[in-house]
Amino acid sequence: MLESQRSFNVDETGQGPAVDRRDFVKICALAAASVGLPAAAGLKMAEAAAAGLKPSVIWLHFQECTGCTESLLRTSHPALAELILDLISLDYCETLAAAAGYQAEAALKSAMEANAGKYICVIEGAIPTKDNGIYCKIGGRTAVDIVNDVAGKAGAIIAIGSCASWGGIPSADPNPTGAQGAPQVLAGKTVVTIPGCPANPYNFLGTALQFVALGTLPALDAKGRPMFAYGRVIHEDCPRRPHFDAGRFAQAFGDEGHRQGYCLYKLGCKGPATHANCSRLDFGEVGAWPIGVGHPCVGCTEQSMLWHTAIHETVEVSRPTPPDTYPPIHAPQGGTSAVAAGIAGVVGGALIGAGWMAAKKVGGAEDKGSSPDKGA
Amino acid sequence: MALDRRSFIKSVAVGGVAAAGAALPAAASERPVAPEGALGMLYDATLCIGCKTCVVACKQANDRQPDPGPWGEEHLYDAPLDLNENTKNIIKLYREGDTYSYMKQQCMHCVDPACAAACMLHSLQKDPVTGIVGYDPQYCVGCRYCQMSCPYNVTKFEFSKALPLIVKCELCRHRVKDAAVKGPDGFTRYPGGQGQACCEVCPRGAVISGRRDELLAEAKRRIAAAPGKYFEDRVFGETDGGGTQVLYLSRVPFEDLGLPKLGPEGVPRTAYAVQEGIYYKIPFAAPIGLFAVLAGVIYRNKRAEQVAGAEGGAKR
Amino acid sequence: MSNHEAVHAPVGGRLMTRPFTILLAFAVVGAIAAAYRFANGIGSVSNLSNGYPWGVWIAIDVVVGTAIGCGGYAVGLLVYILNKGQYHPLVRPAVLTSLLGYGLAVLAVVIDLGRFWGLWKVPIFVWRWSHSPQLEVALCVAAYTMVLVIEMSPALFEKLRAGAASGTRRFAENALRVLEKNFFWILALGLLLPTMHQSSLGTMMLLPGPKVHPLWFTPWLPLLFVVNCIIIGFAVVTLEATFSAAAFGRPRETRMLASLLHVAAWVAIGWAAFRVVVVALSGKLGFLASGYGVAFLAEVGLLVVAGAILLSPERRSRPACQVRAAMIMLLGGILHRVNTYLIAFRPGAHFSYFPAVPELLITFGIIATEVAIYIAVVKTLPILQGPPAKHTA
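These protein sequences, in sequence, are chains D, P and S.
Each residue of the first sequence is one higher than the last, beginning at 177 in my numbering.
Each residue of the second sequence is one higher than the last, beginning at 3 in my numbering.
Each residue of the third sequence is one higher than the last, beginning at 2 in my numbering.
Don't read these hints as lab results, they were simulated from the structure.
For glycine and all other residues, C-beta sits at the position ideal for the given N, C-alpha and C.
Honestly, I wouldn't trust all of these hints.
[Unchecked claim] Straight-line alpha carbon distances no greater than 20 Å define the calculated EDC-like cross-link-like pairs of lysine to aspartate or glutamate that follow: (1) Lys85(S) - Glu307(P); (2) Lys442(D) - Glu75(P); (3) Lys202(D) - Glu223(D); (4) Lys182(S) - Glu307(P); (5) Lys163(P) - Asp138(P); (6) Lys163(P) - Asp65(P); (7) Lys313(D) - Glu281(D); (8) Lys85(S) - Glu313(P); (9) Lys537(D) - Glu315(S); (10) Lys184(P) - Glu220(P); (11) Lys294(D) - Asp325(D); (12) Lys184(P) - Glu38(P); (13) Lys122(S) - Asp138(P); (14) Lys313(D) - Asp325(D); (15) Lys220(D) - Asp199(D); (16) Lys85(S) - Glu181(S); (17) Lys442(D) - Glu76(P); (18) Lys231(P) - Asp258(P); (19) Lys304(P) - Glu181(S); (20) Lys536(D) - Glu315(S); (21) Lys442(D) - Asp431(D); (22) Lys222(P) - Asp187(P); (23) Lys285(D) - Asp321(D).
[Stated by the list, open to error] Across the chosen pairs, the derived CB separations fall in these ranges: (24) Trp121(S) - Asp180(P): 32 to 42 Å; (25) Ala181(P) - Arg408(D): 29 to 39 Å; (26) Met403(D) - Pro193(P): 17 to 27 Å; (27) Gly328(D) - Gly74(P): 46 to 56 Å; (28) Pro70(P) - Leu16(S): 43 to 53 Å; (29) Trp73(P) - Glu489(D): 15 to 25 Å; (30) Tyr102(P) - Gln427(D): 25 to 35 Å.
[Claimed, not checked] Calculated Cβ distances over 10 Å to all of chain D for the following chain P residues: (31) Asp180; (32) Gln196; (33) Pro229.
Sequences are here, hints too, so could you generate the full structure?
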């Protein structure tokens with residue numbers, strides 16, 4: 177940490193502890209750098225914040241476990257305190273708000289009116305759509321109505337976590353509530369999705385801070401996922417890839433291969449089919465991620481994997497690449513089957529033999545050939 | 003009068019020897035040379051680290067399926083053992099005790115290609131400007147004579163398909179949109195993403211693209227800079243088999259890398275000398291002449307027979 | 002041609018005899034395998050590979066098959082150029098054998114070609130013609146097959162002329178007259194075209210130069226192939242004439258065959274000598290001390306043995322000897338072609354090839370079809386010599 181730990185203490189005037197400008201610029205620069213934004217972005221964030229132009233963020237919670245928020249709470253660059261106090265204005269967030277009830281809903285309404293068209297709408301959790309969406313109601317309104325209302329006037333919509341991205345665990349069979357992700361409910365709108373269970377918080381931070389600093393969203397793929405984080409599958413960046421290429425696999429949990437840290441493909445690793453950057457970013461600030469601790473990737477970002485494929489099931493490698501071995505200059509090709517050789521020999525021999533024998537028969541009669549009609 | 007047997011045999015013998023003799027010139031029937039703008043590649047086996055990125059890039063650029071190879075059903079890898087209908091470029095390993103070398107194999111784009119010489123309707127054809135030996139399936143009947151003819155066994159055929167095609171490296175000519183330009187390093191190349199995929203991704207520059215004359219000069223510069231390092235202090239493809247546009251530098255003997263020993267004559271020259279000698283030197287003179295002789299003899303024999311027949315007694 | 006109706010007559014008789022049924026069975030099995038090939042690709046029925054793209058379909062059904070179809074060519078040279086009219090009765094069945102040989106070689110080509118639907122472009126797209134020897138073979142074989150059909154047509158027209166309807170009779174008469182007038186140049190074509198494409202079949206194997214064993218790689222291949230096909234032609238005519246006469250109770254042509262085989266003997270020995278001389282003069286005798294040397298000596302030796310047998314007038318006038326010597330000669334000739342196209346073709350020591358079972362079945366099926374059609378045609382059309390004269394005018 178650059179400076180002393182910040183506290184949440186708020187004095188009577190409602191202001192937080194004072195921080196001098198140099199430290200604040202450093203915080204912004206660090207925040208920008210840690211999510212891969214250019215240095216100038218950090219300066220812009222600081223200037224915007226100093227001018228009191230902190231972008232408004234409205235955070236909606238629906239069918240979720242709050243794991244994504246929890247995951248965000250454990251970030252350190254920027255620390256959540258700096259984020260929500262200095263860089264953005266978190267105008268509505270059910271998890272972290274001090275207010276409740278009508279007061280909270282009023283804050284939501286006024287934030288929407290004050291920042292219409294400019295605020296970031298973050299959606300955490302799936303949205304039930306069955307039976308008119310009654311399975312999730314907040315303040316008397318269904319999740320469907322809330323999300324259409326709030327996202328309708330947002331400047332950017334970010335769905336954090338697999339639940340908000342494509343339905344997540346509430347959408348697992350038989351999906352009794354008709355849970356769907358935000359992009360399906362908000363059909364036609366640009367929704368950035370940050371899937372993961374939980375999502376890697378830095379993928380969210382990078383996206384959100386880019387919008388804050390530069391007003392743009394990162395390049396997205398067909399499912400709305402930022403390419404900088406979800407452009408490649410785990411298999412492409414996995415540190416255990418050399419083991420895969422050399423054909424060294426753990427065959428069972430706890431066996432010698434497992435202890436040696438070999439590839440977990442045969443234990444059902446979904447790495448070859450899962451778009452994410454877990455191997456490059458790790459989780460929880462301690463460098464941990466599932467494969468790193470010896471458990472195969474379960475494909476938590478992919479709708480086709482998580483909750484729809486058994487953990488032990490192996491997946492297809494969609495773009496196989498060469499293994500660790502080399503073909504020789506002259507690899508033997510072709511061969512003979514005994515059956516074919518036999519058939520060829522028998523038929524050839526029969527023809528020659530028959531002809532040879534027939535010669536004698538033919539030589540029997542004389543030239544003038546009055547041999548009886550043999551009718552061949 | 004009808005020819006009698008002796009004189010017939012004599013004339014056939016003489017005619018045959020004469021025709022054959024005319025057809026066996028000192029095989030110098032229009033020796034092709036590389037076009038001025040001939041493009042190619044230079045592969046320096048001493049720089050190659052066997053990473054196989056070129057194999058992956060080629061598959062992607064050419065939309066080929068992976069080949070499970072010896073791993074069979076599992077489909078975890080792309081592990082072809084040789085060039086095949088799904089593999090236009092491959093890295094092989096030569097190892098003999100402590101000596102080893104990687105070998106990148108793909109079409110050599112010969113200056114005098116046997117495959118194009120074999121092809122009946124120029125389905126395989128050498129581009130007059132770039133010298134690339136390209137394949138146009140429109141005129142291909144799948145006879146596989148090109149496979150028989152290629153001394154490097156490069157042309158592959160889709161034996162597994164009911165609607166098969168010939169498959170081989172075409173120097174990524176399908177990616178080209180803009181003109182090639184001479185870069186600061188002295189090599190003429192297409193803009194990024196439009197050139198040979200293998201050359202664009204090689205992390206060591208073991209295979210580089212450019213014009214054939216530029217690459218030849220570079221190869222000779224490397225040889226001169228390190229005498230004794232390269233096998234026979236020469237670059238394979240300068241004259242081998244009439245010359246190729248893909249050139250090779252190697253520490254180990256070229257034959258160990260699977261490159262056949264070829265003289266300076268183009269591979270198809272002997273066949274073409276005979277064929278063109280008989281038929282095309284004086285276009286179709288031989289067949290027309292022979293036809294005239296045969297028709298004349300048969301006609302005369304028939305007339306003589308009819309005359310004899312009219313004089314009584316059917317001889318036929 | 003005016004006396005042919007007395008000379009040639011259909012054999013008649015039941016078609017579905019046991020040998021015929023066996024042949025049909027082979028043909029049907031081959032057809033099924035061929036159907037599978039068309040549905041699933043060449044690789045599904047054969048061991049053809051990138052190392053050995055040509056196998057028994059080309060080497061045997063096409064290269065040897067067309068040589069077996071050179072009976073008409075060989076006899077035609079004797080009868081129409083050397084004016085040996087005494088061989089005339091051999092001509093029609095030889096031409097039939099030729100037509101079948103070439104027709105089924107074309108079928109084999111269609112089965113072997115991976116993209117056979119593009120074949121029509123070969124004769125039409127003149128502006129794209131290359132100097133490939135194979136192009137010459139393709140065009141020439143197609144033309145020759147048509148010439149053979151024309152050469153066979155008198156048999157058909159004679160049958161029609163002896164038919165019931167007067168309209169057809171008149172048409173057949175006119176056709177025969179037109180043919181008679183033009184036969185001299187049709188025949189000349191029928192002698193020119195095989196010379197051309199049989200020699201080009203030899204030239205074809207010069208193109209893979211470095212991959213052909215030195216004992217077979219010689220610019221004399223075209224000449225070797227032409228004379229080789231004449232030798233095979235003589236042998237096939239002998240076998241076909243003898244077995245047909247025996248099987249269908251027709252007059253023997255032993256004396257005719259004896260003198261034909263005398264010519265053949267000298268041609269065979271001459272070919273073998275020339276072959277050895279060429280190899281010796283190009284300094285390749287050293288290669289004889291190898292497996293390939295054995296193949297070389299076999300193809301040369303078989304012809305020398307056959308020729309030696311037939312040099313004796315006593316032996317060559319015995320039908321049994323004629324047949325056996327002809328078989329040896331045929332084997333020797335076939336061996337040269339199979340050697341050139343398969344055995345001596347060396348793509349690399351790591352490649353190997355032996356035909357697969359369905360591949361063999363297709364090969365046998367094609368040959369069986371050829372023999373079956375031959376039998377069917379000689380029974381229905383006037384091809385063979387008529388039965389011994391019944392002494393009524």
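We went through each hint and held it up to the structure:
1. Lys85(S) - Glu307(P): With Cα atoms ~11 Å apart, Lys85(S) and Glu307(P) stay inside 20 Å; holds.
2. Lys442(D) - Glu75(P): The given pair, whose Cα atoms are some 14 Å apart, holds under the 20 Å limit.
3. Lys202(D) - Glu223(D): OK: Lys202(D) and Glu223(D) at ~12 Å, within 20 Å.
4. Lys182(S) - Glu307(P): holds, 14 Å
5. Lys163(P) - Asp138(P): holds, 18 Å
6. Lys163(P) - Asp65(P): Distance of about 16 Å is within 20 Å: holds.
7. Lys313(D) - Glu281(D): The hint holds at about 13 Å.
8. Lys85(S) - Glu313(P): With a Cα-Cα distance of about 19 Å, the restraint between Lys85(S) and Glu313(P) holds, given a limit of 20 Å.
9. Lys537(D) - Glu315(S): OK: Lys537(D) and Glu315(S) at ~18 Å, within 20 Å.
10. Lys184(P) - Glu220(P): Distance of about 14 Å is within 20 Å: holds.
11. Lys294(D) - Asp325(D): This hinted pair holds, its Cα atoms lying about 14 Å apart.
12. Lys184(P) - Glu38(P): holds, 14 Å
13. Lys122(S) - Asp138(P): holds, 14 Å
14. Lys313(D) - Asp325(D): holds, 14 Å
15. Lys220(D) - Asp199(D): This hinted pair holds, its Cα atoms lying about 15 Å apart.
16. Lys85(S) - Glu181(S): Holds: Lys85(S) and Glu181(S) sit about 19 Å apart, inside 20 Å.
17. Lys442(D) - Glu76(P): holds, 11 Å
18. Lys231(P) - Asp258(P): holds, 16 Å
19. Lys304(P) - Glu181(S): holds, 11 Å
20. Lys536(D) - Glu315(S): holds, 16 Å
21. Lys442(D) - Asp431(D): holds, 13 Å
22. Lys222(P) - Asp187(P): Measuring from Cα to Cα gives roughly 16 Å; hence the hint holds.
23. Lys285(D) - Asp321(D): Holds, because 14 Å separates the two Cα atoms, which is no more than 20 Å.
24. Trp121(S) - Asp180(P): 32 to 42 Å: With a Cβ separation near 38 Å, Trp121(S) and Asp180(P) satisfy 32 to 42 Å, so the hint holds.
25. Ala181(P) - Arg408(D): 29 to 39 Å: 33 Å Cβ-Cβ, so the 29 to 39 Å window holds.
26. Met403(D) - Pro193(P): 17 to 27 Å: Holds: the Cβ-Cβ distance is about 23 Å, inside 17 to 27 Å.
27. Gly328(D) - Gly74(P): 46 to 56 Å: holds, 55 Å
28. Pro70(P) - Leu16(S): 43 to 53 Å: holds, 52 Å
29. Trp73(P) - Glu489(D): 15 to 25 Å: holds, 20 Å
30. Tyr102(P) - Gln427(D): 25 to 35 Å: At 32 Å between Cβs, range holds.
31. Asp180: Consistent with the label, Asp180(P) stays out of reach of chain D, its closest Cβ about 25 Å off (over 10 Å).
32. Gln196: holds, 22 Å
33. Pro229: Holds, because the least Cβ-Cβ distance between Pro229(P) and chain D comes to about 26 Å, which exceeds 10 Å.
Of the numbered hints given earlier, the model fails none.
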